[in-house]
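With chain A's structure known, arrange chain B on it following the hints.
There are 2 protein chains.
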Amino acid sequence: MRHMSADLLIKNVRPMGGEPVDVLVRDGFIQQMTPGIMPAGATLTVLDGRNRLMLPGLVNAHAHVDKNLLGLPWRKNQVLGSRIRDFVDHERHVRRELNLSARTQASRQVRAAVATGTTHIRSHVDIDTDAGLAHFEGVMATRDELKDVVTMQLVAFPQSGMLVRAGTVELLEEAVKMGAECVGGLDPSTVDRDPVRHLDVIFDIADRHGVEVDVHLHEPGMLGAFAVELIAERTRALGMQGRVTISHVFCLGMIDDGYLGMLTELLLENRITIMSLGSGVSQFPPIRRLHDAGVTLCTGTDGVRDTWGPYNSVDMLERVKMLGYRSGHRRDEDIEMLLHIATHGGAKVMGDGDYGLREGGRADFVVVAGDAPAEAIIERPPRTFVVKAGRVVAADGKYVPA
Amino acid sequence: MRHMSADLLIKNVRPMGGEPVDVLVRDGFIQQMTPGIMPAGATLTVLDGRNRLMLPGLVNAHAHVDKNLLGLPWRKNQVLGSRIRDFVDHERHVRRELNLSARTQASRQVRAAVATGTTHIRSHVDIDTDAGLAHFEGVMATRDELKDVVTMQLVAFPQSGMLVRAGTVELLEEAVKMGAECVGGLDPSTVDRDPVRHLDVIFDIADRHGVEVDVHLHEPGMLGAFAVELIAERTRALGMQGRVTISHVFCLGMIDDGYLGMLTELLLENRITIMSLGSGVSQFPPIRRLHDAGVTLCTGTDGVRDTWGPYNSVDMLERVKMLGYRSGHRRDEDIEMLLHIATHGGAKVMGDGDYGLREGGRADFVVVAGDAPAEAIIERPPRTFVVKAGRVVAADGKYVPA
Numbered sequence: 113m114r115h116m117s118a119d120l121l122i123k124n125v126r127p128m129g130g131e132p133v134d135v136l137v138r139d140g141f142i143q144q145m146t147p148g149i150m151p152a153g154a155t156l157t158v159l160d161g162r163n164r165l166m167l168p169g170l171v172n173a174h175a176h177v178d179k180n181l182l183g184l185p186w187r188k189n190q191v192l193g194s195r196i197r198d199f200v201d202h203e204r205h206v207r208r209e210l211n212l213s214a215r216t217q218a219s220r221q222v223r224a225a226v227a228t229g230t231t232h233i234r235s236h237v238d239i240d241t242d243a244g245l246a247h248f249e250g251v252m253a254t255r256d257e258l259k260d261v262v263t264m265q266l267v268a269f270p271q272s273g274m275l276v277r278a279g280t281v282e283l284l285e286e287a288v289k290m291g292a293e294c295v296g297g298l299d300p301s302t303v304d305r306d307p308v309r310h311l312d313v314i315f316d317i318a319d320r321h322g323v324e325v326d327v328h329l330h331e332p333g334m335l336g337a338f339a340v341e342l343i344a345e346r347t348r349a350l351g352m353q354g355r356v357t358i359s360h361v362f363c364l365g366m367i368d369d370g371y372l373g374m375l376t377e378l379l380l381e382n383r384i385t386i387m388s389l390g391s392g393v394s395q396f397p398p399i400r401r402l403h404d405a406g407v408t409l410c411t412g413t414d415g416v417r418d419t420w421g422p423y424n425s426v427d428m429l430e431r432v433k434m435l436g437y438r439s440g441h442r443r444d445e446d447i448e449m450l451l452h453i454a455t456h457g458g459a460k461v462m463g464d465g466d467y468g469l470r471e472g473g474r475a476d477f478v479v480v481a482g483d484a485p486a487e488a489i490i491e492r493p494p495r496t497f498v499v500k501a502g503r504v505v506a507a508d509g510k511y512v513p514a
Numbered sequence: 113m114r115h116m117s118a119d120l121l122i123k124n125v126r127p128m129g130g131e132p133v134d135v136l137v138r139d140g141f142i143q144q145m146t147p148g149i150m151p152a153g154a155t156l157t158v159l160d161g162r163n164r165l166m167l168p169g170l171v172n173a174h175a176h177v178d179k180n181l182l183g184l185p186w187r188k189n190q191v192l193g194s195r196i197r198d199f200v201d202h203e204r205h206v207r208r209e210l211n212l213s214a215r216t217q218a219s220r221q222v223r224a225a226v227a228t229g230t231t232h233i234r235s236h237v238d239i240d241t242d243a244g245l246a247h248f249e250g251v252m253a254t255r256d257e258l259k260d261v262v263t264m265q266l267v268a269f270p271q272s273g274m275l276v277r278a279g280t281v282e283l284l285e286e287a288v289k290m291g292a293e294c295v296g297g298l299d300p301s302t303v304d305r306d307p308v309r310h311l312d313v314i315f316d317i318a319d320r321h322g323v324e325v326d327v328h329l330h331e332p333g334m335l336g337a338f339a340v341e342l343i344a345e346r347t348r349a350l351g352m353q354g355r356v357t358i359s360h361v362f363c364l365g366m367i368d369d370g371y372l373g374m375l376t377e378l379l380l381e382n383r384i385t386i387m388s389l390g391s392g393v394s395q396f397p398p399i400r401r402l403h404d405a406g407v408t409l410c411t412g413t414d415g416v417r418d419t420w421g422p423y424n425s426v427d428m429l430e431r432v433k434m435l436g437y438r439s440g441h442r443r444d445e446d447i448e449m450l451l452h453i454a455t456h457g458g459a460k461v462m463g464d465g466d467y468g469l470r471e472g473g474r475a476d477f478v479v480v481a482g483d484a485p486a487e488a489i490i491e492r493p494p495r496t497f498v499v500k501a502g503r504v505v506a507a508d509g510k511y512v513p514a
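Note that the protein sequences, when read in sequence, are chains A and B. Residue numbers for the first sequence follow this note's numbering, beginning at 113 and rising by one. Residue numbers for the second sequence follow this note's numbering, beginning at 113 and rising by one.
Read the hints as simulated data drawn from the structure, not as lab findings. Do not rely on the hints blindly, as some may be mistaken.
Identical chains share a label here; the pair holds if one copy fits it or two copies do between them.
To be verified - Below are the SDA-like pairs computed for lysine to any residue, each with C-alpha atoms no more than 25 Å apart in a straight line:
#1 Lys188 / His403
#2 Lys289 / Met128
#3 Lys188 / Leu212
#4 Lys188 / Glu491
#5 Lys188 / His452
The following block holds chain A by itself, in its conformation from the complex (with noise of 0.2 Å):
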């Protein structure tokens, strides 16, 4: 049964920096959004919306919530090598000497998220031979219990490896089981080794559970490269058009142009998204370019302060700020593109039909400061509300507990 709310009417307030409207809100849908619209009904509740900025729900659609060390005291890293595979053995390190709590933790950065105007979010959980399934059911217990403050969706993710780990495979398997909405895979040659039978393994428990698939794939140049055209090779021969996503994808950012225009067309016809969050250092895929392609993008926050280095935040809008950063757009145009890409583009890969700033709309939103969206991306104000289905999750920078 759907969380009922309270009917709310926030007054004045520019969607997406256009002229000003005030928006109804019935049962958690937007009902209408214009001028003038008088207060009527006991039950409504009205909230000045002070010419602010209305932005939809910020989109997560690459987070790791089990794993943040946020609200502990701050750990200097001082991790050793630069391979994958050494931050991977240095996290599981730190989190058994720290004993974490993974619903903890996750707890934490959704309620921080939730402040900033995220409403939806797609975590990756670390599973593997050590921790078993104790991650993923402490992510699945807080799932469970902010399920009306936020939509999550969760993939079974093998961070340490998979081939590589005998058991591995059977515990993924059962996360999908226990409600894992995606089979998460990562780097099929550099860390699993094989990346046909990496690949063959995690196509084939999404085919038989009926779930989606989504690749950590970090492999640089013409590595990276084949295991894209392998991945559309499969998404095709399983019919999973439109369910398979491929994250970070370095290597789209450093092949040669008509290479690049190939890949982007088997993208396309095998409608596989790309989750790009830029990178500080390595080349990334060339978002504007894929983007005006026709390519679905989307981006996300990846590990915040978590033992892999310090540069996230649980802010999307901080998200969309490096991401313009790293890819030279300075123009207004172009970094609302990458706010598109950060709301409406994983609102797509999450499936959410009733996205959006629209009447008939789900009542997922934000209300900032600022005069148009480029100027609350760089400035990044406290969020003056954050509604979800219709209820204020969040005001004045603060989560409102329900």
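Then chain B, alone, in the frame of chain A:
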């Protein structure tokens, strides 16, 4: 005559995140830094540092305080083209259209910067045959007005080109006579079309007037590297070792290892400083490698909220974060190296021998929440106190007027 200030005792701060001390300031200088200092003297102001971090004053060694749009409504960026010249022409047009006062804009930026802990600024100031010396006079007035709040150096900067606009050389020399500490240059080949003559003119002005040189060098690859050689040759010929800075120098991130080693030797022999603030898109100098080789490095904000693009902020801690992100530095010790560049590196370039968190050093410092310096850089909370020459110039994130 030096500005006199009341004496100050700051209790319980942790210099660079170390053990807590009390800090006694007399006549603008740090007299004592030890635990357990007892208050004494009728004019002594006692402040509670709340066990927070104490950092030396932040040094913005590359600003453009005359050209921001702070305090104005958000201006949608619709600049066309991507060459330096496109941005320069667009900017001159906007400045005329808005009829901006360099003095007012500079004053806004400096106050905002002081509120984030900046105690030193080297600012390039646009000088061209349209505006003449108007921007320079405006920034000179702001420098004079705020001389007790911030240490400022000015660079007479030919933003629109020098040889290509007759009359510019004479204006640069006039600015030097009026008080600029440095003469600036800009892309001697790509903008000014004659690298040898461009640099000869600039070094001649510097040599005759006893001022320093600070050249904007955006030129890529071997073209930029050749300009570095020309700059080093003139530095040696005129005995200007330790008095020349090259800013941006993207080319140092684009050449092969062997040639980089050779140029590094030239920089060391001539004690040439490299100013790098990274770049969102371009390659840029390898900071760690140059630092370890002994090259003096500094960093800055570049122009903030101007017609060039939206990504820079007045907060030097944010600059350190962005530079760390782009350099791939995840470990605390690497992030602290960047903070060193943003503090001690800049103070060295600006020739401030009184700088530093030490007994006998001038009382220019920042108190900010955080367990470790890296945490303050990542979280950037409002600065608890900013102290300049012994006076509290900002508190709780707000500028404190004299």
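Hint check:
1. Proximity of Lys188 and His403 under a CA criterion of 25 Å is satisfied inter-copy only: 22 Å between copies versus 38 Å inside one chain copy.
2. Taking the shortest Cα distances, Lys289 and Met128 never come within 25 Å of each other, neither inside one copy (40 Å) nor across copies (50 Å).
3. When the C-alpha separation of Lys188 and Leu212 is checked against a cutoff of 25 Å, the pair qualifies only within one copy, where the shortest distance is 17 Å, while the shortest distance between copies is 45 Å.
4. In the homo-oligomer, the alpha carbons of Lys188 and Glu491 lie at most 25 Å apart only across protomers (14 Å), although the nearest pairing inside one protomer, at 28 Å, exceeds that limit.
5. In the homo-oligomer, the alpha carbons of Lys188 and His452 lie at most 25 Å apart only across protomers (17 Å), although the nearest pairing inside one protomer, at 35 Å, exceeds that limit.
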